[in-house]
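Visitor: Spelled out from the first residue to the last, the chains are:
Protein chains: 4
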Amino acid sequence: MKGKMKGVTLVADWDPKPKFELGSKDIEDRQTYLGSLVYRNPRIEIKEYDIPTPGPEEVLLEVKACGICGSDVHMAQADDDGYIYYPGLTGFPCILGHELSGVVVEAGKKAFDKQTNKPFKGGERVTTEEMLWCASCKPCSDGYPNHCEHLDEIGFNINGAFAKYMVLPARTLWSLEPLAESYNDDDIFLAGSLVEPTSVAYNAVIERGGGIRPGDRVVVLSGGPIGIAACAILKRAGASMVIISEPQEERAKLALKLGADVAINPTEVDFADRVLELTKGMGADLFMEATGLPEIVYPGIEKVIWEGRTLNSTIVVTARAEAKIPVTGEVLQVRRANIVGAQGHSGHGTFPRVISSMADGMDMTPMITKKIRLEEVPENIIELQTNREECKITCLIK
Amino acid sequence: MKGKMKGVTLVADWDPKPKFELGSKDIEDRQTYLGSLVYRNPRIEIKEYDIPTPGPEEVLLEVKACGICGSDVHMAQADDDGYIYYPGLTGFPCILGHELSGVVVEAGKKAFDKQTNKPFKGGERVTTEEMLWCASCKPCSDGYPNHCEHLDEIGFNINGAFAKYMVLPARTLWSLEPLAESYNDDDIFLAGSLVEPTSVAYNAVIERGGGIRPGDRVVVLSGGPIGIAACAILKRAGASMVIISEPQEERAKLALKLGADVAINPTEVDFADRVLELTKGMGADLFMEATGLPEIVYPGIEKVIWEGRTLNSTIVVTARAEAKIPVTGEVLQVRRANIVGAQGHSGHGTFPRVISSMADGMDMTPMITKKIRLEEVPENIIELQTNREECKITCLIK
Amino acid sequence: MKGKMKGVTLVADWDPKPKFELGSKDIEDRQTYLGSLVYRNPRIEIKEYDIPTPGPEEVLLEVKACGICGSDVHMAQADDDGYIYYPGLTGFPCILGHELSGVVVEAGKKAFDKQTNKPFKGGERVTTEEMLWCASCKPCSDGYPNHCEHLDEIGFNINGAFAKYMVLPARTLWSLEPLAESYNDDDIFLAGSLVEPTSVAYNAVIERGGGIRPGDRVVVLSGGPIGIAACAILKRAGASMVIISEPQEERAKLALKLGADVAINPTEVDFADRVLELTKGMGADLFMEATGLPEIVYPGIEKVIWEGRTLNSTIVVTARAEAKIPVTGEVLQVRRANIVGAQGHSGHGTFPRVISSMADGMDMTPMITKKIRLEEVPENIIELQTNREECKITCLIK
Amino acid sequence: MKGKMKGVTLVADWDPKPKFELGSKDIEDRQTYLGSLVYRNPRIEIKEYDIPTPGPEEVLLEVKACGICGSDVHMAQADDDGYIYYPGLTGFPCILGHELSGVVVEAGKKAFDKQTNKPFKGGERVTTEEMLWCASCKPCSDGYPNHCEHLDEIGFNINGAFAKYMVLPARTLWSLEPLAESYNDDDIFLAGSLVEPTSVAYNAVIERGGGIRPGDRVVVLSGGPIGIAACAILKRAGASMVIISEPQEERAKLALKLGADVAINPTEVDFADRVLELTKGMGADLFMEATGLPEIVYPGIEKVIWEGRTLNSTIVVTARAEAKIPVTGEVLQVRRANIVGAQGHSGHGTFPRVISSMADGMDMTPMITKKIRLEEVPENIIELQTNREECKITCLIK
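Heads up: the sequence lines are chains V, G, Z and U, in that order. First residue of the first sequence: 0, per numbering that gives the first Met the number 0; consecutive thereafter. First residue of the second sequence: 0, per numbering that gives the first Met the number 0; consecutive thereafter. First residue of the third sequence: 0, per numbering that gives the first Met the number 0; consecutive thereafter. First residue of the fourth sequence: 0, per numbering that gives the first Met the number 0; consecutive thereafter.
It is worth saying that the hints were derived from the structure and are not from the lab. You may find that some hints are simply not true.
Which copy? The list can't say, so a pair holds if one copy fits it or any two copies do.
[Stated by the list, open to error] When the alpha-carbon atoms are kept at most 20 Å apart in a straight line, the in silico EDC-like pairs for lysine to aspartate or glutamate are as follows:
(1) Lys108 / Glu148
(2) Lys108 / Glu123
(3) Lys109 / Asp25
(4) Lys108 / Glu56
(5) Lys109 / Glu148
(6) Lys117 / Glu148
(7) Lys323 / Glu306
Turn these sequences into a full structure, and let the hints guide you.
Guide: Structural data, given as structure tokens:
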């Protein structure tokens, strides 16, 4: 397919700070694993591109919907010295957008649809993992693609989905056809664009947190999109009580709508006391830490575990944070508790299980609080630097 | 507490068949692990007893509700030679009844309530495990009370709950107070009497079957009380599709009401073909075999696994059967599948999780299709020898 | 690298039996998943080939050692109608040989060494998985490469290692450099050629069997190369007793040398009675079934589990067999036992762990009972149709 | 059995500090869970006692060997204000000693030997868990006796083993008869007295740490008795490299003798750099933290995980410490790592597996560096307040 298309592109200057050294995976003037130490003066531009051509194991996708993620915001946001906020893998200029759904337009001969185990023929509705794992390094070979040593990321160092078309490897695509029973045509794509963030939450609480048993109690700290998705998943997994701790009212309400049973405003009540009260002194089996403020919230988590009577509590570290977690070993010992770190969304059967859960009624679309057109993406990315009321702003591409 | 009470008592003659030898746990003229080889001419009599007195680690319970279990029926049912159907642990005469709930009347000084970690004081609403595990043998010490080497069973070789009062060790009691938020006074006891059979199902699919991940597909074979409870638990655990296979319409309807998404009548359609069709060729992650007819149903299970594309399927053997399961090793190998056996309901945090699930809305009471008085228990046990339409007949004791 | 080389090639006629239908993965006249229904009149020929050229993610390997596997024997062996014995994936003509080690000669630019996470530069000593998993199908994406839906197999439908050179994807290679501390130059390659069969055993007992805890007791049925390797691995994993059941004396002795504590000749003593006697009535935690004769050996396994006092026994089905396993569900229930199927050797960190175990002293080379030259491979493959005394015949290629 | 015996008794004054409040499990003037806040002026006295009489589920034991534990030292050691060092459960006066072995002299009628599943008859050689779990509280019912809510501890609030006789519940006894194949008469008791501390290590690395797979690399921090036992267990479990980090030479040597492959002196070399060098940049799969100095050692552990390439590392917190562990969440996330707390030795099949490992050659007796008589216990407990060279001082009682 030939032609031109527009892409919402992040442009920034390669201007490494003095202390920066080119790492083993970095490429001079092209990409780095330490974005905030290198890229300066970010700006979002709508640029024109040739429609890309898929290789033999790839497909050309017509993008239908793509949500704005916090990392999009942080790539476009500069600190006082002009460096971008986002600290991770980046390679600019790059079309942004990685929470996407679309329709297969063309497919290489060796591009297989995992849903049918047959080659893509065009017309299939799909979503994709954001992480393009290499399938060849040691972590990938051992079954841990979220920890790929040669990772590319859509919309970070590989052109993303705020564009009419994009090329993707068949390997990371997942069919959205199972959603056709539960959603009409347009809504399939909205729901489909939420599979990726929902899978981040699923990977955190089910794969890394080890899941729960029906009847367990859980606490989710922070009602951002990942925390809200965790509430939905954990309620669906049989939690007898899902407690969301979130200071902002709109987010708490959304969490309650999607699965939480009770909301705590930790700026108004004592978090630990309230959790112990709600659980009649039992505490919780799983804590999802999604605030990124461990030094603030961890003592409360520890108090719930120490004073509660639940053994085997798992704390899932989901948000990134620079601050140390002040862990009291004795709490882990006396309560048989454990702490795990969570990263990514790939592998472990996560995407297909999120999709089949959505097909069976786990509706995440209320998380989309605003729908926009492609031309409106730049201003909305900027808007989200300050706006805390929208949960998910999603671009529909016609 | 002094006084008299009536108890629905199973009486039978100790008349061992020639091939029977007294086993290591058997007691001449008192109890055997091989009931159907020993006990003859069963009859149910309502006898008068002294109200029993609790020891220091025991409580006296006023029974409020008790369901009739299939094993009650089989203990009272004779074959052509007059021997009872029930093949397991039995010690007659014995008051029947083990699916019970009640109120604590008196408690020994060392009888602790696990819910509060304080001594029982009277008035607590509770249910009990049916298995009185010894807490001292190797399996109990290692954490497997369902496989206790010195087991007593309520209503089998220890007086049971078809009576106004009974004595129980505190160890096996579980508080029903959490149900007070969801049920009114009478219904707490009805729901509470279903905790034991629901825990049998929970132990099978969650503890022994390893549970599922949200989005998984499951098949339950047979819509008896245990199979129906499994449907409820697995739907609550996040199954995207719960398929019940059951020939009888009333039972299938009840399964659909409590959690199943689709029912198959295996006498009318090909079981395997239908499961593959419903799952769009994927098959299922968990099969709960509760029919007791392995030679009939297993080939169909195997076909679903072999032709379906799901790896890691688990088959949980729940019902007892004399027939061999004809297993094709290659199916387990090529599909990475496994077979586990399930027995019991004790330990592993099962009872408290079933109770907290019920408190959060997992309502099992539609399983009770008939309520009776104590005097009506004998005739209803007999009735159930032929009646296949009632799911659970429950005695309310006033 | 240009030039010619000789390859030990399996040639056979594509002559499908009447009942054969071309399957979804079969290619007319080129390959089939049902070898024994299609290929006739097998013969081994030493043919001349161009030295192959590696693609960007591949390496050219100089082969140093390659063992003969039972499947090599069965591909070259014809039944009374002339059809080959081997029932699985085959595509002839094909150079045989898949238990190999060698040295990297040339490498594509994107061919990374997992050991160093850097591109191969030539000179690295390596071995390979035999299974060329696709990394794109659903099983591969979910982390189960042993169940790849687009599998190629070295020496079955892809040219193998009974040749001076071969091309392999970097993805399936594993460095043997860690062995340099424990083996001298030649022996590295001998040990390295045993990594693949040892990994089949490791996958069976550790990954699929779930491993053991130090102090557990295990039984391995059949002292072929996989069974012997399992003895070595399980002893190393801390088994307090490894029992090998094997009728042939040479094999039993080899098992005892590599890790077994006791050997049973099941043709001379009652298998179950002897295991119970050796374990003082406890039975075993893990049974590795590698005989391929389930109807003969399974009743003995069941007797050990039923009469023994060990709970949670795992039976690992490792050998392929057409006969059904006659499983008594009650044994699985009463003893909390389970049956799993094992296939393959890829993924799950198996290869690197086998290599580091060998580097630390798990010496498998006594399994090599005969060393031969490339020209001697055909006659030795034929010889093994009847000879049961050799354990592993290995070709050294100079 | 009637008569008198001597017991090495810890006596101290009940003199609570002002901030102390009687806890729910404390008994005024009799026992407390906060020893160091209550007991003052400890002294060790050899007192005379009546030989105790066993109840129906108990046995009378003739003690044969008992090791001195660090907690014995800390109970007898006073700080500047005269309060004991030991912070946990204590009830004085109390005969000390909990790492013991002995011979059954008399047994209650319901005192069963788990090894034979028959009543004790006298003459059996046994050891015991130190923790007398109640078998009735919620943790015990759920299978977690190490977290019993009504715990008694031998030699802390229940008379211990520095005496000729003692009474113990059959529930916590484990037969040492399996050791008779590997040890002669006296050495059975020496080995048997080490089962308890070895089980603490086993519980930490196998039960709580999740064990390892053969070929994994492990690091043990601190070469006290528990750390040394962990080296022995992990080597036996198949670790390809066991690294002990211990500043004191005698302890490092003992660790090397019992299972460690390499010793690091962290006061002389950089711990993290050395581990990375030894493992060729891979890091380790399991870290056992037994120093009790988390703020000192944790940054080194984190560096190994961050810079190493091993995913899924587990850090087992084994030693008690008041200081916080300064955990960087991102390390757990990027490396898929986790932290667990370990406590106790009971349950989970640990004792019998330690005993069968010892019977198969896991010889821990080199840990006993000094043997003493009962009369010498008091002076040796005092001696160990300053002596860091002895590993285990064990009392033989004739």
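Visitor: Output the indices of the hints that this structure fails to meet, ascending.
Guide: No numbers; nothing is violated.
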